[in-house]
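Could you slot chain P onto chain S? The hints should help.
Chain residues, written in single-letter form:
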Amino acid sequence: MSIGIKKNLVRTVTESAIESAWVQWRSLGSLITTPKRARSMVDPEALVLASLTLRDHERRLWDVLASWAVTGSKLLSVQRMKNLASKYPGRTSDRLAEFARIALMEGGDHRWQKLAGAESGPRPRTQELSSPGAKGWDPAALVVRLRLGIGVGLQADIVAFLLSQRGAWASSRVIAEATGYSVYAIRRTADKMAEARFVESTANKPLEYRADRSTWRTVLGLEEDVLPWRYWFQAYAFVADLVVLSEDGQLEASTKYLLSSRLRDLAEKHEDALRLNRVLSPEPRQSTGEGYLAAFEQVAEGLASWMSEGA
Amino acid sequence: MKQLGDRQPHKNDPAVLNAIRAVGELLAAEGETVGIVVVGGAAMILGGLVTRLTEDVDIIAAARSWRKGVPSGIAPPNPLPESLLRAVLRVARDFNLPENWMNSEVGAQWDTGLPPGFEKRIRWLRFGGLALGIADRKDLIFLKLYAAVDSEGPQSVHYQDLLGLRPSKKELIAAAAWAKSQDTSAEFAQVLEKVLDYVHRDQEEPR
Numbered sequence: 001m002s003i004g005i006k007k008n009l010v011r012t013v014t015e016s017a018i019e020s021a022w023v024q025w026r027s028l029g030s031l032i033t034t035p036k037r038a039r040s041m042v043d044p045e046a047l048v049l050a051s052l053t054l055r056d057h058e059r060r061l062w063d064v065l066a067s068w069a070v071t072g073s074k075l076l077s078v079q080r081m082k083n084l085a086s087k088y089p090g091r092t093s094d095r096l097a098e099f100a101r102i103a104l105m106e107g108g109d110h111r112w113q114k115l116a117g118a119e120s121g122p123r124p125r126t127q128e129l130s131s132p133g134a135k136g137w138d139p140a141a142l143v144v145r146l147r148l149g150i151g152v153g154l155q156a157d158i159v160a161f162l163l164s165q166r167g168a169w170a171s172s173r174v175i176a177e178a179t180g181y182s183v184y185a186i187r188r189t190a191d192k193m194a195e196a197r198f199v200e201s202t203a204n205k206p207l208e209y210r211a212d213r214s215t216w217r218t219v220l221g222l223e224e225d226v227l228p229w230r231y232w233f234q235a236y237a238f239v240a241d242l243v244v245l246s247e248d249g250q251l252e253a254s255t256k257y258l259l260s261s262r263l264r265d266l267a268e269k270h271e272d273a274l275r276l277n278r279v280l281s282p283e284p285r286q287s288t289g290e291g292y293l294a295a296f297e298q299v300a301e302g303l304a305s306w307m308s309e310g311a
Numbered sequence: 001m002k003q004l005g006d007r008q009p010h011k012n013d014p015a016v017l018n019a020i021r022a023v024g025e026l027l028a029a030e031g032e033t034v035g036i037v038v039v040g041g042a043a044m045i046l047g048g049l050v051t052r053l054t055e056d057v058d059i060i061a062a063a064r065s066w067r068k069g070v071p072s073g074i075a076p077p078n079p080l081p082e083s084l085l086r087a088v089l090r091v092a093r094d095f096n097l098p099e100n101w102m103n104s105e106v107g108a109q110w111d112t113g114l115p116p117g118f119e120k121r122i123r124w125l126r127f128g129g130l131a132l133g134i135a136d137r138k139d140l141i142f143l144k145l146y147a148a149v150d151s152e153g154p155q156s157v158h159y160q161d162l163l164g165l166r167p168s169k170k171e172l173i174a175a176a177a178w179a180k181s182q183d184t185s186a187e188f189a190q191v192l193e194k195v196l197d198y199v200h201r202d203q204e205e206p207r
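From first to last, the protein sequence lines are chains S and P. This note's numbering applies: residue 1 is where the first sequence begins, and numbers increase by one. This note's numbering applies: residue 1 is where the second sequence begins, and numbers increase by one.
Just so you know, not all the hints are guaranteed correct.
Here's a subset of chain S near chain P, in silico, CB distances under 7 Å, partners left out [what the hints assert, rightly or not]:
| id | residue |
| --- | --- |
| 1 | His-57 |
| 2 | Tyr-257 |
| 3 | Ser-261 |
| 4 | Arg-285 |
| 5 | Thr-288 |
| 6 | Gly-289 |
| 7 | Leu-293 |
Residues from chain P shown here face chain S by an in silico Cβ test under 10 Å; the list is partial [what the hints assert, rightly or not]:
| id | residue |
| --- | --- |
| 8 | Val-34 |
| 9 | Pro-98 |
| 10 | Leu-125 |
Think of the hints as simulated: they come from the structure by calculation, not from any bench. Backbone N, C-alpha and C define an ideal beta-carbon position, used for all residues, glycine too.
Just chain S, with the same shape it has in the complex (with noise of 0.2 Å):
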């Protein structure tokens, strides 16, 4: 007989991800209608990833994904792809090269090819997405506006994620986990900004960066606040993760032990994205053995209700 984790629970955090996918597609142009807004700011690359593993439960995710291959992948940093990529299931890499497939030949985006595949994947329904600034710019979109504006790669990210910490301090070291790049890249990048007076650092050490709230508002003409940064492309690699694992049965075993085993790995490995977005969820070593079952849950749980609450 083998033991399997509740089957709702995988459907719950599967539902959340895919809401909380449309509401952040939604803020990049997306024409599908969802009542809520974006709260936090699109990690575009983890949107793509997170969408690439959930197309099969949501078919209209792909519709999109192929839409924003042609028109939206120059906004795309194809280094930090590659570099969350490696942090998903293999499933997703795969999916990955069809989506850079038809950056390439419908889009036209040659930097893609290093990642193309020999297949585009699925033939999609529609390929209507509208631009991101097309009715105004949505605060969630601010790292493609940046993007747009001053060039894909760490200088947009760098700014994006310091505008999010709203006038505080952030190390390098902060700003890499953030934003999937090494810590050396980000000082050297960050350190050149700051020469530029794009933004500030402290002069001694340790070297901390801010960006100018009111500077920058009105370089952008914000009239809202910018939107608080979440850990997208942690969490989302915790759901990818799971979502595969129960895709191809490895949610079940033959004892409740080796299954709490399997699941405390899980939770192991995508501890970061509990810990960065403070995802309600027990201490692990507070449950031993197979007592970690149902404490898997309500970690389940948790992000599930994270991804609703704050997409």
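Showing chain P alone in chain S's frame:
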């Protein structure tokens, strides 16, 4: 060899038994079978001889050969199989145990020898992919007396375990003779006499 049967879980099982069972499940999931023989507190608990808490499992031997799925010979435990070491580390994480909760340090006993007939008295239990041999009470008395003398004497947990085994005078005499063969120094003999005196006194006094 005594009976080798699958040990079924019970709600009142001691924590160390749950950890051992988990090791067996992990080995079975990997398609591995490992046989080990344990002594010390874990063996006493599994043998129903004491109820004290322990998280240490001392491996004194490993199965050397198998006959029809049953261990048919033992050998020094080192090096322990990789599959067992992996399982022990995983269980340590999953049960909040020290990484060396199951270890083979006591395997050094092979350098001077095991109590005579040790192997024949082993009782085997099966936990998934783990065949666990439990040393007989007689052997535990031998080893505990030796360990009590070799450590801090009457203050040690080994001494308390020895009392828990309720050895008879005859058993103590036999154990003392074997212990002397392990260490022939005069100092050891002195401490041995002291420990035996304590055992006699403590067994006579109501505890």
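Comparing the hints with the structure gives:
1. His-57: violated, 29 Å
2. Tyr-257: holds, 5 Å
3. Ser-261: holds, 5 Å
4. Arg-285: Holds. Min distance 5 Å.
5. Thr-288: holds, 5 Å
6. Gly-289: holds, 6 Å
7. Leu-293: Violated: closest Cβ of chain P sits about 11 Å from Leu-293 of chain S, beyond 7 Å.
8. Val-34: violated, 17 Å
9. Pro-98: violated, 13 Å
10. Leu-125: Result: violated, 17 Å to nearest chain S Cβ.
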